[in-house]
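S.K.: So the sequence shown is numbered by our numbering: it starts at 1 and just counts up by one.
Treat the hints loosely; a few may be bogus.
Unchecked claim - Think about it this way: if two alpha-carbon atoms lie no more than 27 angstroms apart in a straight line, the pair counts; the simulated DSS-like pairs of lysine-lysine are: (1) 138 to 36; (2) 36 to 158; (3) 209 to 76; (4) 225 to 209; (5) 138 to 162; (6) 225 to 138; (7) 76 to 36; (8) 162 to 218; (9) 138 to 44; (10) 162 to 209; (11) 225 to 36.
Claimed, not checked - What follows is a set of in silico ranges between Cβ atoms, one per label pair, in the way DEER data are often shown: (12) 215 to 135: 13 to 23 angstroms; (13) 82 to 208: 40 to 50 angstroms; (14) 204 to 82: 40 to 50 angstroms; (15) 113 to 218: 22 to 32 angstroms; (16) 77 to 171: 24 to 34 angstroms; (17) 78 to 180: 25 to 35 angstroms; (18) 86 to 221: 30 to 40 angstroms; (19) 152 to 86: 18 to 28 angstroms; (20) 204 to 69: 30 to 40 angstroms; (21) 144 to 180: 19 to 29 angstroms; (22) 148 to 71: 30 to 40 angstroms.
Derived by calculation from the structure, the hints in this document are not laboratory data. A quick note: this is a predicted structure, and the numbers were derived from the prediction, not measured. Think of the CB as a built atom: it goes at the ideal place given N, C-alpha and C, for glycine as much as any other residue.
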Amino acid sequence: GCASVFRSMIPRSSIMWLLLLQLHAAATVNGFSMTKPNRLITNKMCPFAQKAWIALEVSNAPYQIEEVALYGPNGKPDWFWELNPAGTVPVLVCQDGSTVLPDSDLVLDNIDAFSDCHEKMNPKTNQENRQRVAAFRKGIASLLPVGRDAVLGGAQDKMWDKLRELDAMITAGPFVCGHDVTVADCAGFPFIWRIENEFGSLEDNGCHKLDVWLQACKRQEAFSKTVQSSWWWWW
């Protein structure tokens, strides 16, 4: 065919160069790299930073952690403000500094895009999973303000209602998309772990599937290694 004729016209050295370019492109999506070390600037007590850390662990991407203090006289050095003027963690620096992702959802989106490019799934199944991931992440985002209110002494009913909505989204289990961990699981774990730690059993409050999900996450090293004895809420 045309491709084979075209290839026969290219010197062997050029063919190797083209193959290397294709491999590099396959290992990089939107700046996130699976070949060069990514630099995760974080504080391990922050739940937003934790979800990015989990996603990096699950992805098996190369990364190095650089922890910064966010408060007090030694917090937020000048170089950190230059990377992220908003002053929040996490910040993921990729491609030797050419790409900076200054938000946990941006980190998850880039890791998710890389994973999606390499999935060998039936298109219908893949689309269903994409919808599950998006819905669960949206549900976690809507949980945060009502969870904050409950922790600060407000009514807990709205929080448990939101958690039961998330429980209903787990149809296959044990994870959001069945037996495979996705960024949806990474996005939810730090927050739901904190809620269970503060308010007790999910099972006892009508969230059986969410409880099974949480216990399954805890058994995964990528999740358990990020759990800290001292931690912050999300505000």
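S.K.: If a hint holds in the structure, say so; if it does not, say that too.
M.R.: So, going through the hints one by one against the coordinates:
1. 138 to 36: Cα-Cα ~31 angstroms, so violated.
2. 36 to 158: violated, 44 angstroms
3. 209 to 76: Between residue 209 and residue 76 the Cα gap is close to 40 angstroms, so the pair fails against 27 angstroms, i.e. violated.
4. 225 to 209: Holds, at about 23 angstroms.
5. 138 to 162: holds, 11 angstroms
6. 225 to 138: holds, 25 angstroms
7. 76 to 36: holds, 26 angstroms
8. 162 to 218: holds, 21 angstroms
9. 138 to 44: holds, 23 angstroms
10. 162 to 209: holds, 14 angstroms
11. 225 to 36: Holds. Residue 225 to residue 36 sits at ~23 angstroms (cutoff 27 angstroms).
12. 215 to 135: 13 to 23 angstroms: holds, 22 angstroms
13. 82 to 208: 40 to 50 angstroms: holds, 47 angstroms
14. 204 to 82: 40 to 50 angstroms: holds, 48 angstroms
15. 113 to 218: 22 to 32 angstroms: At roughly 27 angstroms between Cβ atoms, residue 218 and residue 113 fall inside 22 to 32 angstroms, so the hint holds.
16. 77 to 171: 24 to 34 angstroms: violated, 46 angstroms
17. 78 to 180: 25 to 35 angstroms: violated, 41 angstroms
18. 86 to 221: 30 to 40 angstroms: Given about 31 angstroms between the Cβ atoms, the range holds.
19. 152 to 86: 18 to 28 angstroms: holds, 24 angstroms
20. 204 to 69: 30 to 40 angstroms: Hint holds: Cβ distance 37 angstroms, inside 30 to 40 angstroms.
21. 144 to 180: 19 to 29 angstroms: holds, 25 angstroms
22. 148 to 71: 30 to 40 angstroms: violated, 19 angstroms
In the structure shown, a violation is registered for the earlier hints numbered 1, 2, 3, 16, 17 and 22, in ascending order.
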